[in-house]
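Colleague: Add chain B to chain A, keeping to what the hints say.
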Amino acid sequence: MREKDEIKNLLNNVLAKVSAPEAQIVYHFASNLASRLGENAITQNMGGEEEYVRLSIAYGKKCGSSITNKLDDKSLTKLVERAEGIAKDSPEDPEYMPPIKPQEYSDMPQRFFDDVAKFTPDDIAEDILKTATIAKEKGLKASGLFEAGCATAALANSEGLFAFDKYSNLEYSTTMHGQNGSGFASENNESAKRVDAERMARTALETAIAAQNPKEIEPGDYTVIFEPRAVLDMLSFFPWNMSARDAEEGSTVFAGKVGQKIFSDKVNITTEIDDPELPVSPFGEDGLPVRRTVWVKDGVLQRLHHNRYWAAQKGTEPDPILYPLFITGEDRSVEELIADCDKGLLVKRLWYIRYVDRKEMLLTGMTRDGFFLIENGKIVAPLKNLRFNESPMVFLSNIVEMSRPERVDDWAKVPGIMSENFTFSSKTESL
Amino acid sequence: MKEYTDLALDIARSAGAHFADMRIVEEQQNRVYVRRRSLKLIDETETFGYAVRVLINGAWGFASNTILNKDNVAKTAETAIAIAKASAKVPKDVPAEMAHEDSYIDTCVGPCEEDPFKIPNSEKAELLLSACDTILNVPGIAMAWGLLQFVKMHRIIANTDGSYLDLTNYFTNPSLNAVAVVGNESQDRSYQGGARQAGYEFIREIDLVGNAKKLAEEALIKCKAEDCPVGIMDLVLDPMHLALTMHESVGHPTELDRILGWEANMAGRSFVKPEHVKNLTYGSELVNFTVNNTLEGGLGSWFYDDDGVKMKKFPMIKDGVLVNLGTTRETVPLIGWERSNGCCRSDDFTHFPINRIPNLYMEPGPDDNITPDDLIAGVDKGIYIEGQGSFSIDQMRNNFQFGGDMFWMIEGGKKTKPLKKVTYQAQTTQFWGSCDGIAGKKFWRPHGVMNCGKGEPMQVMRMTHGASYTRFRNINVGGAKL
Chain A
1 MREKDEIKNL
11 LNNVLAKVSA
21 PEAQIVYHFA
31 SNLASRLGEN
41 AITQNMGGEE
51 EYVRLSIAYG
61 KKCGSSITNK
71 LDDKSLTKLV
81 ERAEGIAKDS
91 PEDPEYMPPI
101 KPQEYSDMPQ
111 RFFDDVAKFT
121 PDDIAEDILK
131 TATIAKEKGL
141 KASGLFEAGC
151 ATAALANSEG
161 LFAFDKYSNL
171 EYSTTMHGQN
181 GSGFASENNE
191 SAKRVDAERM
201 ARTALETAIA
211 AQNPKEIEPG
221 DYTVIFEPRA
231 VLDMLSFFPW
241 NMSARDAEEG
251 STVFAGKVGQ
261 KIFSDKVNIT
271 TEIDDPELPV
281 SPFGEDGLPV
291 RRTVWVKDGV
301 LQRLHHNRYW
311 AAQKGTEPDP
321 ILYPLFITGE
331 DRSVEELIAD
341 CDKGLLVKRL
351 WYIRYVDRKE
361 MLLTGMTRDG
371 FFLIENGKIV
381 APLKNLRFNE
391 SPMVFLSNIV
401 EMSRPERVDD
411 WAKVPGIMSE
421 NFTFSSKTES
431 L
Chain B
1 MKEYTDLALD
11 IARSAGAHFA
21 DMRIVEEQQN
31 RVYVRRRSLK
41 LIDETETFGY
51 AVRVLINGAW
61 GFASNTILNK
71 DNVAKTAETA
81 IAIAKASAKV
91 PKDVPAEMAH
101 EDSYIDTCVG
111 PCEEDPFKIP
121 NSEKAELLLS
131 ACDTILNVPG
141 IAMAWGLLQF
151 VKMHRIIANT
161 DGSYLDLTNY
171 FTNPSLNAVA
181 VVGNESQDRS
191 YQGGARQAGY
201 EFIREIDLVG
211 NAKKLAEEAL
221 IKCKAEDCPV
231 GIMDLVLDPM
241 HLALTMHESV
251 GHPTELDRIL
261 GWEANMAGRS
271 FVKPEHVKNL
281 TYGSELVNFT
291 VNNTLEGGLG
301 SWFYDDDGVK
311 MKKFPMIKDG
321 VLVNLGTTRE
331 TVPLIGWERS
341 NGCCRSDDFT
351 HFPINRIPNL
361 YMEPGPDDNI
371 TPDDLIAGVD
381 KGIYIEGQGS
391 FSIDQMRNNF
401 QFGGDMFWMI
411 EGGKKTKPLK
421 KVTYQAQTTQ
431 FWGSCDGIAG
441 KKFWRPHGVM
451 NCGKGEPMQV
461 MRMTHGASYT
471 RFRNINVGGA
481 KL
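Just so you know, the protein sequences line up as chains A and B, in that order.
Each residue of the first sequence is one higher than the one before, starting from 1 at the first, in the working numbering.
Each residue of the second sequence is one higher than the one before, starting from 1 at the first, in the working numbering.
Keep in mind the hints are simulated off the structure, nothing from the lab.
Predicted model, so just to flag it, every value in this text is computed and none were measured.
Please note: incorrect hints may appear among the correct ones.
Dumping the calculated DSBU-like pairs for lysine-lysine here, alpha-carbon to alpha-carbon at most 35 Å [as the list claims (entries may be wrong)]:
#: 1; chain 1: B; residue 1: Lys481; chain 2: B; residue 2: Lys213
#: 2; chain 1: A; residue 1: Lys166; chain 2: A; residue 2: Lys8
#: 3; chain 1: A; residue 1: Lys74; chain 2: B; residue 2: Lys92
#: 4; chain 1: A; residue 1: Lys297; chain 2: B; residue 2: Lys481
#: 5; chain 1: A; residue 1: Lys427; chain 2: B; residue 2: Lys417
#: 6; chain 1: A; residue 1: Lys193; chain 2: B; residue 2: Lys224
#: 7; chain 1: B; residue 1: Lys40; chain 2: A; residue 2: Lys74
#: 8; chain 1: B; residue 1: Lys2; chain 2: A; residue 2: Lys78
#: 9; chain 1: B; residue 1: Lys454; chain 2: A; residue 2: Lys136
#: 10; chain 1: B; residue 1: Lys278; chain 2: A; residue 2: Lys136
#: 11; chain 1: B; residue 1: Lys40; chain 2: A; residue 2: Lys166
#: 12; chain 1: B; residue 1: Lys481; chain 2: A; residue 2: Lys8
#: 13; chain 1: B; residue 1: Lys481; chain 2: A; residue 2: Lys4
#: 14; chain 1: A; residue 1: Lys138; chain 2: B; residue 2: Lys417
#: 15; chain 1: B; residue 1: Lys2; chain 2: A; residue 2: Lys427
#: 16; chain 1: B; residue 1: Lys415; chain 2: A; residue 2: Lys427
#: 17; chain 1: B; residue 1: Lys89; chain 2: A; residue 2: Lys130
#: 18; chain 1: A; residue 1: Lys70; chain 2: B; residue 2: Lys310
#: 19; chain 1: A; residue 1: Lys70; chain 2: B; residue 2: Lys2
#: 20; chain 1: B; residue 1: Lys40; chain 2: A; residue 2: Lys70
#: 21; chain 1: B; residue 1: Lys454; chain 2: A; residue 2: Lys70
#: 22; chain 1: B; residue 1: Lys92; chain 2: A; residue 2: Lys118
#: 23; chain 1: B; residue 1: Lys278; chain 2: A; residue 2: Lys427
#: 24; chain 1: B; residue 1: Lys454; chain 2: B; residue 2: Lys441
#: 25; chain 1: A; residue 1: Lys74; chain 2: A; residue 2: Lys62
Just chain A, with the same shape it has in the complex (with noise of 0.2 Å):
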């Protein structure tokens, strides 16, 4: 792996070689190791790297790009050439924008660990036999997928800046299936010490074995408590209607909605940088440092995504970043949302979640590896799945409770939520 300096230099280097105008080059470097686990034993295990560039021209607003991972002198120059050649013979671009000036970054939490870039395929077989042992003491088949892996970004561009960043991650995932039900985990973090395969696997196996001989259900309108992984499920369309001129062009469900409250009180969804159990990049689009946003303050939807074009282009500051997205929660447990719920559906896990309006952002899917009824504030039985057919905007207008927001991906922070009229609109058998 190229250190910061070294790869300062080549980017220069590679800039040097531009006789047009403006430029911008961006380098990425990963390692990976990848185990997959099926049916509890290895099924595929790889590892490698790769690192490339990708340059951008332009004369005037005549741009073009190129992308190569041969990263040898006369490789580059050829990567020059071919991205002039195309920028010449462009037709000009009116939303084009230049390279910005050189930027402050601001030293950001901690992202890179030795810990995770140290991982050897023998260190994931260890965890891999970990979870497939807990499974198999039970009678359960385990499958997941066991990936540690560093990585480098950084940008560079005609006006002098340089921005860089280096990050570990270890990403675990295990489902457990018994002959009817299942279950599903998963821990991703920058540090090794952060992540228990052996913590994993008993959370999958926990949910898998109470998820047996499910009953069924009638479709219908419920009171649901989602656990935050079904909450980041449900929202994961939510960043891409957050265009500020897709909005204003009237496309998408925030059209017009800026300054309206558009869910309950209790939402706040921002994205934050300075958290230490999410950190982030230090720069974003072009190479612009990130900063804090407040997207929705108690219910109320105060600002949409805004690019560098459309930003300049509404006399506001441009977006940096989107993700990560956090959701405030209350200071409460999954548990005692279970305990306070009358009657209602326990959610863990959604799957194949599609648009059936897009501009309402009304969604199906299916709920998938643990699904369970809830009465008196108790789990009484494990649930045969249901199809849903919901927006993301009435499943946080509806809300009851919240939990406190934890880490579920490296994309975002969020609470369980229980909310109520959420419509589940047919059976599927599948287990």
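Modeller: Relative to chain A, chain B alone:
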């Protein structure tokens, strides 16, 4: 290249590998992307890399690299061997083995009449700008976008069977989309012709600019249309729509790795079991599905799969009965079959080849004289659906809900009015069992899919489907809350 592949295979053999291969992949890609009237992307990409895959004592190792010299090839082979030894710590109940395959020495180049990499990028940009401009000039249109993607994929595969394959394929992938806004309503209409293994001649054939205005007008029609009715009714589905239906409800459930449980953590498993082959009634007697990885222009026609199996044509569903599966050399011994039928592919050199959907299509109806209008004439109350929209199916590939891109009410045997937000729900074998009419051969159309996601880490694969217009009886329509 052979000196490098020989080196890797020799190292693997010396380490006791029962099977090993080295796959060298060189890819050129060219993309032009226009959004509104802005040329958002115009680029060319070249990537190069290779992977060594080894099977030692029934356990797999796989390593990839981007720098081709003897030191790096040796290092990559040794890394793959070390990874195989790590895999053996969590062994399979039955050690992995590869089904027998003949050895082949072959060089093949796929169809490409007009090399897309020699067409000026400005011509491609002007085409998309013109198409988007045509759409945006229609009052009520809020947004348009278009993409042209061209890929040249060159693979060299050498394995310990003695095969040495030099394979080149070209892929051409166009997209065009119109977004209309009328009051609080917004609807899309998209180019639905899919991708093809071809050169730039495919772009000339489909006339994106000439068809752009129709997309815009139909997006507006959808905005003003009535919502989906609710009830049990008949469907007439066009070939482009059916490409997605068959992909999700026939292609994926018949992948043997899913059936064996290897995809359970992500994509899921399958309701199909190995013993269903020759026993499961998958559809009505009219329903015949063919796998054809030699289909001219098919995105899955790669000559040889990444296991080194020569690609072929065979029936998957015959007269409504499941008769075969999509398989790999590793999966077939586990169900007692002798040979793979060549469905093992990887999307790039960094990824382990896995069981993928082949070119899979539904045969046209037996009567060449049956037209789409004849099918519609036989419907008292139903919906005619064109193109692809919403799609969602459970992890066993049983319960699904699909939408579409354009919808028309059928009443008294005639298309009467446009509709929007149409969905239908069904169970896989019930749906294909309800098929009672298929138009003739002249209405059969292929549809190339460039973005089939499967596997962990995710791999994005290409294949082609196809169908004639087809009718289905008594389907549950409109279950979604609107």
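Colleague: Now look at each hint and say whether the structure bears it out.
Modeller: Hint check results:
no.: 1; hint: Lys481/B / Lys213/B; in the structure: holds, 31 Å
no.: 2; hint: Lys166/A / Lys8/A; in the structure: holds, 13 Å
no.: 3; hint: Lys74/A / Lys92/B; in the structure: violated, 46 Å
no.: 4; hint: Lys297/A / Lys481/B; in the structure: holds, 28 Å
no.: 5; hint: Lys427/A / Lys417/B; in the structure: holds, 31 Å
no.: 6; hint: Lys193/A / Lys224/B; in the structure: violated, 56 Å
no.: 7; hint: Lys40/B / Lys74/A; in the structure: holds, 28 Å
no.: 8; hint: Lys2/B / Lys78/A; in the structure: holds, 26 Å
no.: 9; hint: Lys454/B / Lys136/A; in the structure: holds, 26 Å
no.: 10; hint: Lys278/B / Lys136/A; in the structure: holds, 33 Å
no.: 11; hint: Lys40/B / Lys166/A; in the structure: holds, 28 Å
no.: 12; hint: Lys481/B / Lys8/A; in the structure: violated, 54 Å
no.: 13; hint: Lys481/B / Lys4/A; in the structure: violated, 53 Å
no.: 14; hint: Lys138/A / Lys417/B; in the structure: violated, 57 Å
no.: 15; hint: Lys2/B / Lys427/A; in the structure: violated, 55 Å
no.: 16; hint: Lys415/B / Lys427/A; in the structure: holds, 31 Å
no.: 17; hint: Lys89/B / Lys130/A; in the structure: holds, 11 Å
no.: 18; hint: Lys70/A / Lys310/B; in the structure: holds, 31 Å
no.: 19; hint: Lys70/A / Lys2/B; in the structure: holds, 21 Å
no.: 20; hint: Lys40/B / Lys70/A; in the structure: holds, 25 Å
no.: 21; hint: Lys454/B / Lys70/A; in the structure: holds, 28 Å
no.: 22; hint: Lys92/B / Lys118/A; in the structure: holds, 27 Å
no.: 23; hint: Lys278/B / Lys427/A; in the structure: holds, 29 Å
no.: 24; hint: Lys454/B / Lys441/B; in the structure: holds, 32 Å
no.: 25; hint: Lys74/A / Lys62/A; in the structure: holds, 25 Å
Taken one by one, the earlier hints fail for this structure at numbers 3, 6, 12, 13, 14 and 15, listed in ascending order.
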